[in-house]
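Take a look at the letters that make up each chain.
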Amino acid sequence: MEALKQKAKELLQKGDVKAVLGYAVGTGNVRRPHFARTPEQVDRLVLDEKCTQNLATYLTKHEVKHLGKVAVVALPATQRALLQLVAERQLRDDAICLLAMDGTEVKVLPSGAAVEQHLALKTDAMPTADKAMIEKLMAMTREQRWAYWQQELSRCVKCYACRNSCPMCYCEHCTMDCNRPQWVPVASHALGNLEYHMVRAMHLAGRCVECGECGRACPVGIPVHLLTFFAEESTAKQFGQRAGHSTKLDYALSTFKPDDKETFIR
Amino acid sequence: MTESFEPKITAFVCNWCTYAGADLTGTSRINYQSNVRVLRVPCTGRIDFMLLMKAFQKGSDGVIVSGCHPNDCHYTSGNYHARRRWMVYKDLMDFMGVDTNRVTFSWVSAAEGARWAQLVNEVTDNIRNLGPYAEYKALAVAGIE
Amino acid sequence: MADTFKLTHENLDGLFAVLRKDGRRVLAPVDADGRTELNDVEKPGQVSKSYIQTIMSAKDVVFPKVERLLSYTTEPGSVELHDAEPHALPTVLFGVRPCEAKAFGALDAVFNWDYRDKFFNARLEKMAVIGVSCTKADDACFCTSVGGGPADTKGSDILLTPIDGGYLAEVLTDKGKAIQALAPQLFTPGNGVDKAMIAAKLEQAFDQPALTAKLPGMFENKLWEGQSLRCIGCGACAYVCPTCVCFDIQEEADPKQGQRLRCWDSCGFSMFTLHASGHNPRETQSARWRQRIYHKFSTYPERYQMLGCVGCGKCTRACPVDMNLREHLVEAANA
Amino acid sequence: MTEKNIYLPYLMRITQITEESPAVKTFRLEFVDEVAAQNFNFKTGQFGLYSAFGEGESTFCIASSPTRKGYIECTFREVGRVTAALADKEVGDIVGFRGPYGNVFPLEAWKGKNLVFIAGGIALPPLRSVIWNCLDLRDWFKDITVVYGARSVADLVYKHELKEWNERTDINLVTTVDPGGETPDWTGKVGFVPPVVEQLGLSAENTVAIVCGPPIMIKLTLPVLEKLGFAPDQIFTTLENRMKCGLGKCGRCNTGSSYVCKDGPVYTLAQLNELPAEY
Numbered sequence: 000m001e002a003l004k005q006k007a008k009e010l011l012q013k014g015d016v017k018a019v020l021g022y023a024v025g026t027g028n029v030r031r032p033h034f035a036r037t038p039e040q041v042d043r044l045v046l047d048e049k050c051t052q053n054l055a056t057y058l059t060k061h062e063v064k065h066l067g068k069v070a071v072v073a074l075p076a077t078q079r080a081l082l083q084l085v086a087e088r089q090l091r092d093d094a095i096c097l098l099a100m101d102g103t104e105v106k107v108l109p110s111g112a113a114v115e116q117h118l119a120l121k122t123d124a125m126p127t128a129d130k131a132m133i134e135k136l137m138a139m140t141r142e143q144r145w146a147y148w149q150q151e152l153s154r155c156v157k158c159y160a161c162r163n164s165c166p167m168c169y170c171e172h173c174t175m176d177c178n179r180p181q182w183v184p185v186a187s188h189a190l191g192n193l194e195y196h197m198v199r200a201m202h203l204a205g206r207c208v209e210c211g212e213c214g215r216a217c218p219v220g221i222p223v224h225l226l227t228f229f230a231e232e233s234t235a236k237q238f239g240q241r242a243g244h245s246t247k248l249d250y251a252l253s254t255f256k257p258d259d260k261e262t263f264i265r
Numbered sequence: 000m001t002e003s004f005e006p007k008i009t010a011f012v013c014n015w016c017t018y019a020g021a022d023l024t025g026t027s028r029i030n031y032q033s034n035v036r037v038l039r040v041p042c043t044g045r046i047d048f049m050l051l052m053k054a055f056q057k058g059s060d061g062v063i064v065s066g067c068h069p070n071d072c073h074y075t076s077g078n079y080h081a082r083r084r085w086m087v088y089k090d091l092m093d094f095m096g097v098d099t100n101r102v103t104f105s106w107v108s109a110a111e112g113a114r115w116a117q118l119v120n121e122v123t124d125n126i127r128n129l130g131p132y133a134e135y136k137a138l139a140v141a142g143i144e
Numbered sequence: 000m001a002d003t004f005k006l007t008h009e010n011l012d013g014l015f016a017v018l019r020k021d022g023r024r025v026l027a028p029v030d031a032d033g034r035t036e037l038n039d040v041e042k043p044g045q046v047s048k049s050y051i052q053t054i055m056s057a058k059d060v061v062f063p064k065v066e067r068l069l070s071y072t073t074e075p076g077s078v079e080l081h082d083a084e085p086h087a088l089p090t091v092l093f094g095v096r097p098c099e100a101k102a103f104g105a106l107d108a109v110f111n112w113d114y115r116d117k118f119f120n121a122r123l124e125k126m127a128v129i130g131v132s133c134t135k136a137d138d139a140c141f142c143t144s145v146g147g148g149p150a151d152t153k154g155s156d157i158l159l160t161p162i163d164g165g166y167l168a169e170v171l172t173d174k175g176k177a178i179q180a181l182a183p184q185l186f187t188p189g190n191g192v193d194k195a196m197i198a199a200k201l202e203q204a205f206d207q208p209a210l211t212a213k214l215p216g217m218f219e220n221k222l223w224e225g226q227s228l229r230c231i232g233c234g235a236c237a238y239v240c241p242t243c244v245c246f247d248i249q250e251e252a253d254p255k256q257g258q259r260l261r262c263w264d265s266c267g268f269s270m271f272t273l274h275a276s277g278h279n280p281r282e283t284q285s286a287r288w289r290q291r292i293y294h295k296f297s298t299y300p301e302r303y304q305m306l307g308c309v310g311c312g313k314c315t316r317a318c319p320v321d322m323n324l325r326e327h328l329v330e331a332a333n334a
Numbered sequence: 000m001t002e003k004n005i006y007l008p009y010l011m012r013i014t015q016i017t018e019e020s021p022a023v024k025t026f027r028l029e030f031v032d033e034v035a036a037q038n039f040n041f042k043t044g045q046f047g048l049y050s051a052f053g054e055g056e057s058t059f060c061i062a063s064s065p066t067r068k069g070y071i072e073c074t075f076r077e078v079g080r081v082t083a084a085l086a087d088k089e090v091g092d093i094v095g096f097r098g099p100y101g102n103v104f105p106l107e108a109w110k111g112k113n114l115v116f117i118a119g120g121i122a123l124p125p126l127r128s129v130i131w132n133c134l135d136l137r138d139w140f141k142d143i144t145v146v147y148g149a150r151s152v153a154d155l156v157y158k159h160e161l162k163e164w165n166e167r168t169d170i171n172l173v174t175t176v177d178p179g180g181e182t183p184d185w186t187g188k189v190g191f192v193p194p195v196v197e198q199l200g201l202s203a204e205n206t207v208a209i210v211c212g213p214p215i216m217i218k219l220t221l222p223v224l225e226k227l228g229f230a231p232d233q234i235f236t237t238l239e240n241r242m243k244c245g246l247g248k249c250g251r252c253n254t255g256s257s258y259v260c261k262d263g264p265v266y267t268l269a270q271l272n273e274l275p276a277e278y
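Sequence lines, in order, name chains A, B, C and D. Those letters in the first sequence? Residues 0 to 265, per numbering that gives the first Met the number 0, in order. Those letters in the second sequence? Residues 0 to 144, per numbering that gives the first Met the number 0, in order. Those letters in the third sequence? Residues 0 to 334, per numbering that gives the first Met the number 0, in order. Those letters in the fourth sequence? Residues 0 to 278, per numbering that gives the first Met the number 0, in order.
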């Protein structure tokens, strides 16, 4: 912890970065994203297993870009998101300055290549509970799955916390905000909710870094992350590549192989 | 009730192969069921999954998506791109409990007039058996106070 | 002042039965997968034992997330309009907290300050509130800073405060009396318990009148930018808020018929104020965050002589990035 | 007991369509319902929500004068979902109208004064309502001047009326187009609105200025008026913030604590100076 603060202060003092984005203690001991721009603000930084938010979300926001270069305290999921953002040309490689923990050491990862190397050291598989839930759903009949999602999605109010908390949902103009044509009904009724979540998951297939932020962000506890996890897994299984593992990978759904194997096209 | 049900089927087809194939069906005077509304787009690469969604949203009981056989795309690779997206989308639909029996993906070339007729007949019979897509239609009124 | 009675646990069971027999649904906080939701219940036994607040507010009873305002059928050269009638169910809200009970007043202010909104009114008329005082508060709560309190009666038709063996019941309004009249025998004479001793203790966090007085002079303060930096611009705060009333009107139609729907909306969304020209009066997230604070603490007092915030803290609990409203208001008050 | 549904529009029949400039059209609308037509009244400055059934509602001012009875007119540019649907309508089609909403231009208070109208581009419609209203009550006022600028000659709206005003002696019309927007036979001025206003040598004495246009035009015109000696309470404008309800409820048109749909759309500069600049 002290090492992290030390490094953060060093970066700020040297003027290498304008802010350090990390975590601080919030309401009732939860962890919240925290922008440290002064040494005093750095002192509020914490990093422990309660820190969950994917901070990469902030790096594509106008307000944050205006700050200048930002160092980010990066969990593995944040690192994956950054790689994917660079791969999608949303961030420049030299805009990266990650602070990652390696045991008790703080490592500064200054480029996509460094992040790739660091990430390669660890595996960060999908949480067991989520994996089990996906398997449980796939073991159901189609009708049961339909009923399950209808039940879950009926709580959705379309606050877009899932979209806005997602590091990969950086579009200036989201499909949900397009009304010529109105692809998805704006209203949060059964149709609007189903189609919104279907579009969101589909737009994240091959791009989801499986951080699960959308599911955590949902105020009414809908496991929306299972949808994007599933879409990502489907892509990975069928096309053999995962999002967030390299700055050089093309988006799986904007490329192809002539021998892509499918079974259902007649 | 079921006897009077005539399925409404929307077909998204590419201009160069399947549309031409369907045209050939007509000029060859092959009879087939008339439940399909054909929507022609330049290439299967243009058939965004949201179009399929829209078809169901607007009351289709079934959807056909069809274009050039692999390696035959007029634009070289549109159908390959489309195929990847269909592969994921079909999986996702199934995961969300949407009835994938109501979507048929196929390749029909400009020379396969008879194949088009056969495809439409099979799909129409299949959807007629499945009945109206009541589940999806019910969404339109659920959740409005 | 209100008539005070005792309502034992057994008698509350009876009251639920009587209310349901009277054709009313009873909505109450229920534990569901670790969340507290407002659900239809049959017996007090189903009501959550440990909740501080439900996640969503009860506002959707009077202001649903999607409601039909009108429908129509069209033919070439003619349109036939159909008025929509709100499908208002007789409802008793049981166990909402005093802060939320008070929030209906803030909704009423907007829906009826000038033109009267029949949809809201029809639903409000069929709703009665049996509030339950808070015996504990959490770090998000700040009702005492915005003129409320853990056992505040405002907005409740009957307010219950937990005591040994049941509740102290204050019957406060005509609607409350009508409920009591359904089964007067269930309400036994009160025993002079001081509810202030039972209610949660919550220190005032900031001086609200002073804050309201200084807000107009703070519009250009850098504070809003600093506070909003971590805001991700979703609508969670607005959608769980019991007083947030902003809405959108959406059209859904096919070539022959259509309907207009009123849907919740949020001032935190960037599209909310976007003009057709592309100009946006509230271009940045900080301007939208500021709007949220000003609307509740400056516009409301000025226009409606009340606050647009009841201090329930739902927004804080729902926020994915922990934008703590109380903390930000304290910061503004001290700025 | 049963309350009125404030969201129900009147049904209006389109009786005339005028193509003003590329993508800009004027509709003349008459009430389908006789009784509604009889009871309908509005004052200049007010606006309404016009609906294209199937697509939704859009907010525009009422562009005709209340002195012209039996119809209302609106002028709109095709920019979004609703206006595109409206642009597809033909004479005889039905559209919806809710209104009139908002406050009004205080014509009574302007009696005996000189009036200067300054408008840019598609912002002439709200002023057109006032201008015709004032022309129909011509003896209430002294000099009436209209300065109207647009990007190009093609972008000028109400070309026939501009011609009529130009020919009338009781109104002084100055038209201008941005440099490069003129045609060979253009007889008006070439230049942006603010310098054109400055060159006119207007006197602020016993005069009110009514300004409406894109934000940049307003921003640059106000200092000119100030220089000419106009006090903030002599300058009027009309705001068009985004709205959904028009009834003071939906929450998006406010600037500070002022609802543009209820307290506006007509404001004096003095009033606007009191509000935060969120418009």
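FYI, nobody ran anything at the bench for these hints, they're computed from the structure. Cβ coordinates follow ideal geometry from the N, Cα and C atoms, glycine included. Honestly, I wouldn't trust all of these hints.
What the hints assert, rightly or not - Not close to chain D: a few residues of chain A, all C-beta gaps over 10 angstroms, as computed:
{"#": "1", "residue": "GLY27"}
{"#": "2", "residue": "VAL63"}
{"#": "3", "residue": "GLU87"}
{"#": "4", "residue": "SER110"}
{"#": "5", "residue": "LEU248"}
{"#": "6", "residue": "ASP249"}
{"#": "7", "residue": "TYR250"}
{"#": "8", "residue": "ILE264"}
Stated by the list, open to error - Which residues of chain A face chain C? A partial, calculated answer using Cβ under 10 angstroms:
{"#": "9", "residue": "ALA113"}
{"#": "10", "residue": "VAL156"}
{"#": "11", "residue": "THR262"}
{"#": "12", "residue": "PHE263"}
{"#": "13", "residue": "ARG265"}
Next on the checklist: So, against the hints stated earlier in the document, which numbers end up violated here?
Outcome noted: 9, 11, 12 and 13
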